[in-house]
Amino acid sequence: MKINTGRMLAVISSVIIALYLLAFILDLVDPGYLGVRSLSNLLIFRKGPSIIPAPPVLSNGWNDYMGTTYYGILLFPALLGSLKFDFTVMFVSLAISASVGILIGGSAAIIGRGYKKIIVYIMKIFSSAPYILIMLLILYIVRPLETGIIIAISTGWFPFYVLRSLNIFETKLKNRENYSNKRLLLNFLPYFFTDIGAITGVVTIITYFGFYFRNPLVIDIGNIMYLDGNVNIFLLSGVWWIVIFPLAFITVFISFTALLSYELGGKDDARI
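The sequence shown lines up with residues 8 to 279 when you count with my numbering.
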């Protein structure tokens, strides 16, 4: 029996992504599964009075599987709890950037002519500029609000959706008879999955480098990775788990969203 490798990878990726999304939903509706009443800040995951990191232990229950970071904060439940902040910012940013980008790009494809040329010219400037720098400039102005991160990411991301939607809608207009709305959605779907992972990574970078100041102990992957030190300090101190587990946690999610995006995109010959 011949195994369809692409389909198998897509199924595995979907399962992994679904598990992350399930944890996110539980964070929103019932953080009690993490052993806390609410997700206020990292200190709620503190285990005892010790501030010295403890290594992973497999015999004391799932909370200890990834050990603790400084202040005795349990890594595993803290990482799961971090999805509430990270995914909320990611989904809102994605919704705004995709909606605005598709609206502008779609209208440019339909109207065409001078309007299209102006939009393409402006978006090329935006997309050619280092979008991370654009985000950082906006963050410098609007910090330290959570909404500031959303505004910054949405502003840096929507030009990509303008250019993507412009090409997709132009293809639809040229092939009206053979191009259904379902196919239109399938052309956007790979981008959505890619950006779900990529934007989550950007949120992590923003908080890791300290661009979120209102609450330095906010439950976020970036803050967990940086808490009271950095990668060099952690590795030189021998507390490898503080580096490896958070990095693996975010990398797995980003990698499987990219893999699913690739497999979905490869099945449509109209993919751009």
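The hints are simulated quantities; they were obtained by calculation from the structure and are not laboratory data.
Don't take each hint at face value.
[Said to hold, decoys possible] Straight-line alpha carbon distances no greater than 30 Å define the calculated DSSO-like cross-link-like pairs of lysine-lysine that follow:
{"id": "1", "residue 1": "54", "residue 2": "124"}
{"id": "2", "residue 1": "123", "residue 2": "189"}
{"id": "3", "residue 1": "54", "residue 2": "131"}
{"id": "4", "residue 1": "54", "residue 2": "91"}
[Unchecked claim] Pair ranges (Cβ atoms, derived):
{"id": "5", "residue 1": "32", "residue 2": "118", "range": "20 to 28 Å"}
{"id": "6", "residue 1": "255", "residue 2": "43", "range": "20 to 28 Å"}
{"id": "7", "residue 1": "45", "residue 2": "110", "range": "14 to 22 Å"}
{"id": "8", "residue 1": "16", "residue 2": "242", "range": "17 to 25 Å"}
{"id": "9", "residue 1": "139", "residue 2": "11", "range": "18 to 26 Å"}
{"id": "10", "residue 1": "50", "residue 2": "187", "range": "34 to 42 Å"}
Note that CB positions come from ideal geometry on N, CA and C, so glycine has one too.
Taking the beta carbons of residue 50 and residue 187, is their distance inside 34 to 42 Å? The hinted range 34 to 42 Å is violated for residue 50 and residue 187, with Cβ atoms some 52 Å apart.
Is the gap between the beta carbons of residue 139 and residue 11 within 18 to 26 Å? Check failed, 38 Å falls outside 18 to 26 Å.
Straight-line alpha-carbon gap residue 123 to residue 189, limit 30 Å: holds (25 Å)
Should the hint that residue 32 and residue 118 are 20 to 28 Å apart at their CB atoms be regarded as holding? violated (40 Å)
Is it true that the C-beta distance of residue 16 to residue 242 lies inside 17 to 25 Å, as the hint says? violated (32 Å)
14 to 22 Å as the expected CB spacing between residue 110 and residue 45, which holds or is violated: violated (37 Å)
Hinted pair, alpha-carbon criterion (30 Å max): residue 54, residue 131. Please report holds or violated. violated (51 Å)
Assessment of proposed distance window 20 to 28 Å (beta carbons of residue 255, residue 43): holds (23 Å)
Hinted pair residue 54 and residue 124, Cα distance within 30 Å: Outside the cut-off at roughly 59 Å; violated.
Need the status of pair residue 54, residue 91: alpha-carbon distance at most 30 Å? holds (21 Å)
Checked against the numbered hints given earlier, the structure breaks hints 1, 3, 5, 7, 8, 9, 10 and satisfies all the rest.
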